[in-house]
Amino acid sequence: MSDVSVEAVKAYLLDLQDRICDALAEEDGGTFIEESWQRDAGGGGRSRVLSDGTVIEKGGVNFSHVHGNELPPSASASRPELAGRGFQALGVSLVIHPRNPYAPTSHANVRFFLAEKEGEAPVWWFGGGFDLTPFYGFEDDCRDWHRAAHDAVAPFGEDLYPRFKQWCDDYFYLPHRNETRGIGGLFFDDFNEQDFEHSFGLMRSVGDAFLPAYRLILARRKDAPYGERERDFQLYRRGRYVEFNLVYDRGTLFGLQSGGRTESILMSLPPLARWDYNRHFEPGSAEAALTEQFLHPRDWLNEDKP
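Mapped onto the numbering used here, the consecutive letters of the sequence shown carry residue numbers 1 to 306.
The hints are simulated quantities; they were obtained by calculation from the structure and are not laboratory data.
Just so we're clear, the structure is a prediction, and the values are computed from it rather than from any experiment.
Ideal Cβ placement from N, Cα and C applies to all residues, glycine included.
Heads up, some of the hints might be wrong.
To be verified - With beta-carbon atoms standing in for the labels, derived distance ranges:
(1) His296 with Ser51: 13 to 23 angstroms
(2) Gln194 with Glu139: 34 to 44 angstroms
(3) Trp275 with Ser205: 31 to 41 angstroms
(4) Glu81 with Gln38: 25 to 35 angstroms
(5) Leu216 with Ala11: 20 to 30 angstroms
(6) Asp3 with Glu303: 41 to 51 angstroms
(7) Gln38 with Leu216: 29 to 39 angstroms
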């Protein structure tokens, strides 16, 4: 079994943050502002945010490397045997909220956990994925996105795409709304198959696949003409994004419970959102089509029609 290398993971993640920020800044024409931070409980990170850009209304790309003497409840809830272990957690997490309502919001995250206890073998795993949250659905965007997701994990096993796609569909789901957050992608956690190099390779492949997949769609939609109707609908749908992140997201819970930096944890939230009481949309409209045709799991790679 290959040796675990926290430094190799950290070097990759810092480089990934650089590459994503550089490319998105080029797409927008704006600049990411960086803040480095430390937390009292151990570790820190660097947060980068682009606000009020031409293309990106708000985008955050965060690197963190935190450690502590005991895993927080959100991290050990599904692995009770790890309770009481010290930990290191490294990751890059990002959320991009474009200005144009026809351009989808997107989220990506890759992370590594190491849990240790004196006298026992270390336990480690990788997690991550990426998902797409459109406000107006386009079939070609969805298919291109899922093709990129499939190709990112196919070299590591043909079973991984359907497995991680299903996990993503199940995870990014709002039970109180009976709808998915978006059109999915990949989600995986607790991944430590074969050895460290194999699992690290999978995480790198997922991390590297995000940028070209999202930039293609962003460039395709960022200049589409829109008006007040589309903007109003975008803000309404952003409300659902906020609901998921504050109520269900495990990363948000882990960050808050582990004493992370609140500003960095909540940078995933959009700058503007709205909630309307009992709102309905005209059947057959593009707004109604989002929930009718896109916000439920679909086999995007093998179907011809909704």
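Enumerate the violated hints, using their earlier numbering and listing them in ascending order. Those not satisfied come down to hint 1.
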